[in-house]
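Colleague: Each chain is listed here by its residues.
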Amino acid sequence: MEIPYTVEAHPETGLNNGKIGIWLFLTSEVMLFGALFATFIMLRIGSDGNWAAMQAEAELNIPLATINTAVLIASSLTMVMAWASLMRGQLGRFKLFGWLTVACGGIFLVIKYFEYTAKFEHHHYPESSTFLAIYFAMTGLHALHVIGGMAWNAYFTGPGSKLFHTNRQWLTDRVEHSGLFWHFVDLVWIFLFPVFYLL
Amino acid sequence: MSEHVDIDKQVRIYFLVFGALMVGTAATVGAYYLDVSVPVALTIGLFIATVKASLVACFFMHLIDEKKIIYWTLALTVAFFIALMALPLLTSVTDQVGEFAEVEAHEAH
Numbered sequence: 001m002e003i004p005y006t007v008e009a010h011p012e013t014g015l016n017n018g019k020i021g022i023w024l025f026l027t028s029e030v031m032l033f034g035a036l037f038a039t040f041i042m043l044r045i046g047s048d049g050n051w052a053a054m055q056a057e058a059e060l061n062i063p064l065a066t067i068n069t070a071v072l073i074a075s076s077l078t079m080v081m082a083w084a085s086l087m088r089g090q091l092g093r094f095k096l097f098g099w100l101t102v103a104c105g106g107i108f109l110v111i112k113y114f115e116y117t118a119k120f121e122h123h124h125y126p127e128s129s130t131f132l133a134i135y136f137a138m139t140g141l142h143a144l145h146v147i148g149g150m151a152w153n154a155y156f157t158g159p160g161s162k163l164f165h166t167n168r169q170w171l172t173d174r175v176e177h178s179g180l181f182w183h184f185v186d187l188v189w190i191f192l193f194p195v196f197y198l199l
Numbered sequence: 001m002s003e004h005v006d007i008d009k010q011v012r013i014y015f016l017v018f019g020a021l022m023v024g025t026a027a028t029v030g031a032y033y034l035d036v037s038v039p040v041a042l043t044i045g046l047f048i049a050t051v052k053a054s055l056v057a058c059f060f061m062h063l064i065d066e067k068k069i070i071y072w073t074l075a076l077t078v079a080f081f082i083a084l085m086a087l088p089l090l091t092s093v094t095d096q097v098g099e100f101a102e103v104e105a106h107e108a109h
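For the record, the sequence lines run as chains C and H.
Quick note on numbering: the first sequence equals residues 1 to 199 in the working numbering.
Quick note on numbering: the second sequence equals residues 1 to 109 in the working numbering.
Hints listed in this document are in silico derivations from the structure and should not be mistaken for laboratory results.
Where hints are given, some of them may not hold.
Sample of chain H residues at the chain C side, in silico, Cβ under 10 Å [unchecked claim]:
1) Tyr14
2) Ala57
3) Met61
4) Ile64
5) Ile70
6) Phe81
7) Val97
8) Phe100
9) His109
Built from N, CA and C at the ideal position, the CB exists for glycine as well.
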């Protein structure tokens with residue numbers, strides 16, 4: 001049985017079902033990270049002025065986090081370029097930009113690994129302070145999203161790209177949807193970076 | 001995103017947005033080294049982050065040219081998100097009002 005409205009727009013929504021699905025998923029993600037940001041605000045307000053001391057003690061690495069921010073922004077560019085390549089019918093360029101996006105995700109995680117291990121070497125664990133608890137919770141959850149996005153993009157760039165030869169528009173739409181998730185992950189980091197490292 | 005797009009124009013916009021995001025990142029880090037009070041630093045930092053996030057949402061996520069149903073869905077999400085953010089702030093205000101009432105009661109005695 002063929003799945004309806006994978007490419008053509010649903011008459012009720014004017015969009016294909018995948019597009020509606022990914023946006024509904026992203027709204028739930030907004031509330032997930034929103035709850036954690038609300039927790040962050042609550043902890044910061046309730047820290048009785050100790051927040052700056054806890055932040056300083058955590059010794060977060062600003063240069064590494066800045067590089068990671070640039071890497072994620074670059075990955076967002078390669079992601080839209082992958083989609084644009086499919087719109088132009090260029091499979092080779094799509095694969096190039098797709099793998100570049102996955103590679104950027106990998107670089108982000110490697111840098112995050114070095115950041116985390118540096119913390120652990122200094123015996124800075126989630127239980128060490130309220131600041132580190134929320135830092136590890138939010139950046140850890142974000143890193144899991146990066147891993148998920150990498151797996152999703154790797155599938156469409158690798159085995160999933162065969163769809164190009166049978167239903168190009170469907171592949172283009174799928175890549176647009178995975179791109180929406182990837183940009184959301186970038187968007188969350190845009191707030192995590194100043195909130196934890198700079199402010 | 002609408003079906004009929006000038007992809008070359010789109011690509012030019014993507015590169016412009018990428019440049020703006022990089023400049024925004026540099027500005028965020030630069031603002032960290034300014035000698036300003038915490039509330040001012042918070043305002044500057046969150047303002048730049050909001051501008052950057054808006055650029056990502058509008059251009060990379062194509063929200064600038066999207067169907068109404070997506071806008072309505074997001075408007076509802078934003079309303080709930082604001083309520084969620086207001087919760088800790090309300091708690092803080094309630095605590096302060098409580099402390100003020102305690103002081104008043106103590107002074108009355």
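Colleague: Decide, hint by hint, whether the structure agrees.
Modeller: Consistency of the hints with the structure:
1. Tyr14: Holds, because the Cβ-Cβ distance from Tyr14 (chain H) to chain C comes to roughly 5 Å (cut-off 10 Å).
2. Ala57: Cβ of Ala57 (chain H) sits 7 Å from chain C, so the hint holds.
3. Met61: holds, 5 Å
4. Ile64: Result: violated, 13 Å to nearest chain C Cβ.
5. Ile70: With a minimum Cβ separation of about 5 Å from chain C (threshold 10 Å), the hint on Ile70 (chain H) holds.
6. Phe81: Holds: closest Cβ of chain C sits about 5 Å from Phe81 (chain H), inside 10 Å.
7. Val97: violated, 14 Å
8. Phe100: At about 16 Å, which exceeds the 10 Å cut-off, the nearest Cβ of chain C leaves the hint on Phe100 (chain H) violated.
9. His109: Violated, because the Cβ-Cβ distance from His109 (chain H) to chain C comes to roughly 26 Å (cut-off 10 Å).
The structure is inconsistent with the numbered hints 4, 7, 8 and 9, although it conforms to all the rest.
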